[in-house]
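Asker: Listed here are the chains, written in short residue letters.
There are 2 protein chains.
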Amino acid sequence: MHHARTVGLQEQIGKFLDGHQDELCRRLKEIDGKGRFFEDLWKHVEQGGGRTRVLERGALFEKAGVNTSSVKGVLPAALASKLGTEAQRFSASGISLILHPDSPMVPAVHMNLRYIELGDGDAWFGGGADLTPFYPYREDVEHFHTVLKEACDRHDPSYYPRFKRWCDEYFYLPHRNEARGVGGIFFDELRGDMLKSWAFVQDFGRSFLDAYLPIVGHRRDEAWGDREKEFQLIRRGRYAEFNLVYDRGTLFGLETNGRAESILISLPPLVKWKYDYNPAPGSRESELQEYLKPRDWIQRTQ
Amino acid sequence: MHHARTVGLQEQIGKFLDGHQDELCRRLKEIDGKGRFFEDLWKHVEQGGGRTRVLERGALFEKAGVNTSSVKGVLPAALASKLGTEAQRFSASGISLILHPDSPMVPAVHMNLRYIELGDGDAWFGGGADLTPFYPYREDVEHFHTVLKEACDRHDPSYYPRFKRWCDEYFYLPHRNEARGVGGIFFDELRGDMLKSWAFVQDFGRSFLDAYLPIVGHRRDEAWGDREKEFQLIRRGRYAEFNLVYDRGTLFGLETNGRAESILISLPPLVKWKYDYNPAPGSRESELQEYLKPRDWIQRTQ
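Protein chains in written order, with this note's numbering: chain A, 1 to 302; chain B, 1 to 302.
Chain A with its partners taken away, still in its complex shape (with noise of 0.2 Å):
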């Protein structure tokens, strides 16, 4: 049994979520330029509750939630077996941000944040976020993993290679033997000295933009028509595959009485699915399938 909990963590970290929240879509509407988050105010059927906003049909994002939520309640028989513990009683506080572009050009993104406190006093991190693009850049992904790179070395130089490669293990559809996209970082029972943790995921939390707006500004401009609309509208098949069959935190959502609406908004707004797609041989569509397959994108020997 861990005892990490720090006296008053719980309580900067609330204050954090809801302030990084409050920045992430200020700074989101400001670069749609059109859209609006709608707010809505949740209760959990347990204890606490949520602060859920979302942008619809903006000039940048077609779908952009941005979702807080601090929970209380008792560990399912299930989770607590697999984390090693007894039932217990738990809270949870996290931040989750989904962006599910117009443009079929621009990379769609997850991030999330999460703090996790046992009754017996054991308490963690967990978190990531990872980039879906339809029409990949290698300048793109590179850009986005330095990014994440950099957030982690200023912590922990172990914490890349690890939190990378995690990511890459995580967001996989083994029934499609490809990967959600390019990846970029997944972390989960971040325990250890929490003081340094906390630093940690709060550097993330505050570079994660940083690690994907350039992006945005490159490719909001391309040209698209049809066809390209077409293979992201297939390509975002696969992204509810993911989330609705192996996601562990949507599912976790699911079975522990969440609030649907809130945990469903990481699905993309409008999606295809076309029997046996395949892109045709040598088209700019054929070029992702080599992204999906996992790889260091920047730690490679020069």
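FYI, nobody ran anything at the bench for these hints, they're computed from the structure. Note that the structure is a prediction, hence the values are computed from the model and not measured. Keep in mind that the hints are not guaranteed to be accurate.
[Stated by the list, open to error] Derived pair list, reagent style SDA-like, types lysine to any residue, alpha-carbon separation capped at 25 Å:
{"#": "1", "chain 1": "B", "residue 1": "Lys272", "chain 2": "A", "residue 2": "Arg248"}
{"#": "2", "chain 1": "B", "residue 1": "Lys72", "chain 2": "B", "residue 2": "Asp18"}
{"#": "3", "chain 1": "B", "residue 1": "Lys274", "chain 2": "A", "residue 2": "Asp102"}
Could you slot chain B onto chain A? The hints should help.
Answerer: Leaving out everything else, chain B in the frame of chain A:
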């Protein structure tokens, strides 16, 4: 341990399934009037294979899938334990049908039949059919259930009440607190007198189009526009949620290295997820909700 295997049954079943697929496709193509079935013959990674037939962008059906498969392999440990048996060889033969009409006025529908045989001699049938309307009519629901009930009653008066309730329990989305549609029948591990079960399974399979096609006839010429299509796309999101989060057949197929494109043929061709969509009170769309509460459609006390 059961020893229910009936000599020659598996071969008979294979022949029936292939012939039934031909008959279903012939009649569906005829009623569509424009689309054609594309056929894929495939091999399973272990042993066996299947015949996938799909019609896309027809006059009536936006997507129609009719698959047969016959697969042999070793029962996965998790499934073996659920069935209360040990790891052993198994064979599974089946047919599955899914129809996603273009018109929101015509209900989507699903049907499947399967026969499983284990190495130790145990064997059983499973299957079902359920209707998913968007703009429901009471008489359509009654017709669908009446035809299925008659097929059941010809073999065992206990079938329909049991299988109807089983369907209501199975095709249910707990996170939405609603049924997938208006139900039908669902059965699994049907053993006992195997020749009796087999007679029922064939009768049910042959009755299916009688349950569905008259509804198509009544609804296909009803007018609809963007509003009705949008509602259909949003409701199809629930269908995708069910199939990817809960459907045992889908998850079993994905977990056992099944052919992803044949399994996921059940997903709707185009789907919309709109944050916290709720039909306006009193609108035609709001009427659906009442139909998604399981109830006895034809066994009313009169």
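Asker: Below or equal to 25 Å on CA atoms is what counts here, so check B/Lys272 against A/Arg248.
Answerer: holds, 23 Å
Asker: Is B/Lys274 close enough to A/Asp102, meaning Cα to Cα at most 25 Å?
Answerer: The given pair, whose Cα atoms are some 14 Å apart, holds under the 25 Å limit.
Asker: For a C-alpha distance cap of 25 Å, please report whether B/Lys72 and B/Asp18 respect it.
Answerer: holds, 17 Å
Figure legend: structure checked against the earlier numbered hints; every hint is met.
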